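Asks: We have chain A already, so just place chain B on it with the hints.
Same order as they appear, the protein sequences are chains A and B. With my numbering, the residue at position 70 of the first sequence is 70, and numbering never jumps. With my numbering, the residue at position 57 of the second sequence is 57, and numbering never jumps.
FYI, nobody ran anything at the bench for these hints, they're computed from the structure. Mixed in with the good hints, there may be bad ones.
[Said to hold, decoys possible] For the chain B half of the interface with chain A, some residues (derived, Cβ under 10 Å), not all of them:
{"id": "1", "residue": "LEU43"}
{"id": "2", "residue": "PRO61"}
{"id": "3", "residue": "ASP63"}
{"id": "4", "residue": "GLY71"}
{"id": "5", "residue": "VAL74"}
[To be verified] Now the stretches of chain A that chain B is said to cover, found in silico as 3 or more residues with beta-carbon under 8 Å:
{"id": "6", "segment": "37-50"}
{"id": "7", "segment": "102-115"}
[Said to hold, decoys possible] Have a look at the derived ranges for each label pair, beta carbon to beta carbon:
{"id": "8", "chain 1": "A", "residue 1": "LEU46", "chain 2": "B", "residue 2": "SER73", "range": "20 to 26 Å"}
{"id": "9", "chain 1": "A", "residue 1": "THR113", "chain 2": "B", "residue 2": "ASP18", "range": "37 to 43 Å"}
{"id": "10", "chain 1": "A", "residue 1": "ASP55", "chain 2": "B", "residue 2": "ARG64", "range": "24 to 30 Å"}
{"id": "11", "chain 1": "B", "residue 1": "GLY28", "chain 2": "A", "residue 2": "MET7", "range": "35 to 41 Å"}
{"id": "12", "chain 1": "B", "residue 1": "LYS17", "chain 2": "A", "residue 2": "LYS52", "range": "26 to 32 Å"}
{"id": "13", "chain 1": "B", "residue 1": "LYS57", "chain 2": "A", "residue 2": "PRO116", "range": "28 to 34 Å"}
{"id": "14", "chain 1": "A", "residue 1": "THR113", "chain 2": "B", "residue 2": "LYS57", "range": "35 to 41 Å"}
{"id": "15", "chain 1": "B", "residue 1": "VAL74", "chain 2": "A", "residue 2": "PRO10", "range": "32 to 38 Å"}
{"id": "16", "chain 1": "A", "residue 1": "THR12", "chain 2": "B", "residue 2": "SER58", "range": "33 to 39 Å"}
{"id": "17", "chain 1": "A", "residue 1": "PHE18", "chain 2": "B", "residue 2": "LYS17", "range": "47 to 53 Å"}
{"id": "18", "chain 1": "A", "residue 1": "LYS52", "chain 2": "B", "residue 2": "SER96", "range": "29 to 35 Å"}
Source: prediction; values computed, not measured. Even glycine gets a Cβ: it sits at the ideal position worked out from N, Cα and C.
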Amino acid sequence: GNSVTQMEGPVTLSEEAFLTINCTYTATGYPSLFWYVQYPGEGLQLLLKATKADDKGSNKGFEATYRKETTSFHLEKGSVQVSDSAVYFCALKENAGGTSYGKLTFGQGTILTVHP
Amino acid sequence: GAGVSQSPSNKVTEKGKDVELRCDPISGHTALYWYRQRLGQGLEFLIYFQGNSAPDKSGLPSDRFSAERTGESVSTLTIQRTQQEDSAVYLCASSSTGGVPAYEQYFGPGTRLTVT
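Next comes chain B alone, as it looks inside the complex:
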C-alpha cells in the first residue's frame, strides 16, 4: 500500500513569510509525528497526534510553529514569519497503536525547507 507522503518536496521561501507543509499518513494509522532534521544533525521531535487525544506539542521550538490534524487523516505543519534557522528537512511519520511493545514509525520522504 501507499506509504507516508509529504508535500511539497522542496520549498524555498523568503524570511518573514509563512509556510505550510503537508503530511498524508498511512491509511489507518492513528498516530502521526513531525520531526525536523537540520543539516548534519539528528532528528528533532516537534509534535505528535494520537487519535482524538490532545497533541503532544512539547517539541515545538517557538510559537511560530503550529500543527493541525483532522481526525486520523492529513496533517499540516505551519511556520509563521519564517527565519533562516528554520531551514531544515521536515519529516512526518505515522504508526499504528496498541499495547506494548513499540510500534514502528513509518517516515515520509520529507520536505526540504530553505529560508533565504
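Bound-form chain A, shown alone:
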C-alpha cells in the first residue's frame, strides 16, 4: 500500500536559517504529492503541491520538487521566520483512473519551531 515517511522532529531553528524537511514515499503508479501546514490553533491547509515528476511546487518561500527517481518530495525554505512555526505534513494521493478526488495518505508530521 501507499505510505509517506517524514523526517522525525521536532525541528528547532533560528530565524533566517535554512530549512529542509525530508519526505519520501511509497506508492503504486504516479501519485500527486503535497505539503500541508497546520499553524497553532488553526486548521490544516495546503502549502504546495506537485502532480508529476520534476514538478516544483512553491508557496510563501517554500519549495519542494517531485523526484521520482528517489521517491522524495523534500520541503525547503531559504530563510525561515518565526511565523513559519507550525506542524508540516507531507502527503500523497494516487491518481488512479484519471480521477482528481481520492484519499490522502499522510506522513506523521514534523513540528517546526523558529526562534527569534
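Replies: Just chain B now, kept in the frame of chain A:
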C-alpha cells in the same frame, strides 16, 4: 465564502457511549472526506464520499464506525460503543471534482474526541 465547519469542536464521552460528529462541507463540493489524527501521529484516512457513488469505507477501523452523507450536503460520523483508543481529533475535508490534476482538499477545524 464559508469554509468547512465541524461540530462539536470538543466532545468528552464515557467509554461505551455512542457519539455523532457532524461536518458541513463547502457548498458545491461533491467530495467529502473523514480523517482521524491521534496524538503525535499523522492523519489517518477513514472514509470518503463522492456524489452518488458508493463511499470508500476502506479506512474505517472497525464496524463500530459508520458515516452517512445525504446528497452533497452534511455528513455525520458515528462511533458506537466508544473505546479509549478512539480518542483523537476527527477532521473532515471537502473538495470539488473534475479531471486531473488533483483538486485541493479543504479541511475543517476538527472535533477533538476524548473517551474517558
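Asks: Against this structure, judge whether each hint is valid.
Replies: Outcome of the hint check:
{"no.": "1", "hint": "LEU43", "result": "4 Å, holds"}
{"no.": "2", "hint": "PRO61", "result": "14 Å, violated"}
{"no.": "3", "hint": "ASP63", "result": "20 Å, violated"}
{"no.": "4", "hint": "GLY71", "result": "16 Å, violated"}
{"no.": "5", "hint": "VAL74", "result": "18 Å, violated"}
{"no.": "6", "hint": "37-50", "result": "holds (count 6)"}
{"no.": "7", "hint": "102-115", "result": "holds (count 8)"}
{"no.": "8", "hint": "A/LEU46 / B/SER73: 20 to 26 Å", "result": "23 Å, holds"}
{"no.": "9", "hint": "A/THR113 / B/ASP18: 37 to 43 Å", "result": "39 Å, holds"}
{"no.": "10", "hint": "A/ASP55 / B/ARG64: 24 to 30 Å", "result": "41 Å, violated"}
{"no.": "11", "hint": "B/GLY28 / A/MET7: 35 to 41 Å", "result": "37 Å, holds"}
{"no.": "12", "hint": "B/LYS17 / A/LYS52: 26 to 32 Å", "result": "47 Å, violated"}
{"no.": "13", "hint": "B/LYS57 / A/PRO116: 28 to 34 Å", "result": "47 Å, violated"}
{"no.": "14", "hint": "A/THR113 / B/LYS57: 35 to 41 Å", "result": "38 Å, holds"}
{"no.": "15", "hint": "B/VAL74 / A/PRO10: 32 to 38 Å", "result": "37 Å, holds"}
{"no.": "16", "hint": "A/THR12 / B/SER58: 33 to 39 Å", "result": "37 Å, holds"}
{"no.": "17", "hint": "A/PHE18 / B/LYS17: 47 to 53 Å", "result": "49 Å, holds"}
{"no.": "18", "hint": "A/LYS52 / B/SER96: 29 to 35 Å", "result": "20 Å, violated"}
Going through the hint list in order, the structure does not satisfy hints 2, 3, 4, 5, 10, 12, 13, 18.
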